[in-house]
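Asks: Hey, can you work out the whole structure from these sequences and the hints?
Here's the letter readout for the chains.
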Amino acid sequence: AQSVAQPEDQVNVAEGNPLTVKCTYSVSGNPYLFWYVQYPNRGLQFLLKYITGDNLVKGSYGFEAEFNKSQTSFHLKKPSALVSDSALYFCAAMYNFNKFYFGSGTKLNVKP
Amino acid sequence: GAVVSQHPSWVICKSGTSVKIECRSLDFQATTMFWYRQFPKQSLMLMATSNEGSKATYEQGVEKDKFLINHASLTLSTLTVTSAHPEDSSFYICSARRRGPGGNQPQHFGDGTRLSIL
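Going down the list, the protein sequences come from chains A and B. Okay, so the first sequence: first residue is 1 according to our numbering, each after it adds one. Okay, so the second sequence: first residue is 1001 according to our numbering, each after it adds one.
The set of hints was computed from the structure by calculation and includes no laboratory data.
Have a look at the derived ranges for each label pair, beta carbon to beta carbon:
{"hint": "1", "chain 1": "B", "residue 1": "I1012", "chain 2": "A", "residue 2": "Y95", "range": "31 to 39 Å"}
{"hint": "2", "chain 1": "B", "residue 1": "W1010", "chain 2": "A", "residue 2": "Q45", "range": "15 to 23 Å"}
{"hint": "3", "chain 1": "A", "residue 1": "A14", "chain 2": "B", "residue 2": "D1065", "range": "50 to 58 Å"}
{"hint": "4", "chain 1": "A", "residue 1": "S3", "chain 2": "B", "residue 2": "D1065", "range": "27 to 35 Å"}
{"hint": "5", "chain 1": "B", "residue 1": "S1083", "chain 2": "A", "residue 2": "S60", "range": "36 to 44 Å"}
Below, a list of computed lysine-lysine pairs in the DSS-like style, where the Cα atoms sit at most 27 Å apart:
{"hint": "6", "chain 1": "A", "residue 1": "K111", "chain 2": "B", "residue 2": "K1041"}
{"hint": "7", "chain 1": "A", "residue 1": "K107", "chain 2": "B", "residue 2": "K1041"}
{"hint": "8", "chain 1": "A", "residue 1": "K69", "chain 2": "A", "residue 2": "K99"}
Ideal placement from N, C-alpha and C gives every residue a C-beta, glycine not left out.
Replies: Right, here's the structure in full:
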């Protein structure tokens, strides 16, 4: 069955340091992969997506993600974290051009 | 672009009341809209997928008669929680996919509706 895993419930990082939020997906088919961010009491905001092509995808607010087919991973990264990046991050995979499968979410805490 | 408006943002009502939540794509046509439910500190649970002009497809375990979905146009979908009870209290989020070529369009989300049933 298709699934998306975010192994870390929470990630803590100091402001200015690089951050990584991990995501792995099941290998059934070739999914499209997405990252979203959610602030308290808000919906999800689209950050970036991987469809095909270059494994390193650049998105909004300085975020990027690296697609690794051999490890079935799509980790979210940012070279220098900001306090304002603190939020809940969701990885998602889309199969069959329609249905999204979301990971369980990772809470990112960036401390000044 | 790709703005999705969800209304209302917060509802508090008595048990037994029916509540309607609207989801509108403001600047694009949405072939498909999705309704999710999110419990505190948990991920989004897909409730149903609705395509304009056709019946919604509900996920397993979601009661069709309890959660009525109408997708009357390419820019509007509504979710009605009928005879709501305290266990229906949750955060409901809609999303919409833009009409366009290819199958890789991301979903664009509304800001959610916090439903509290007393």
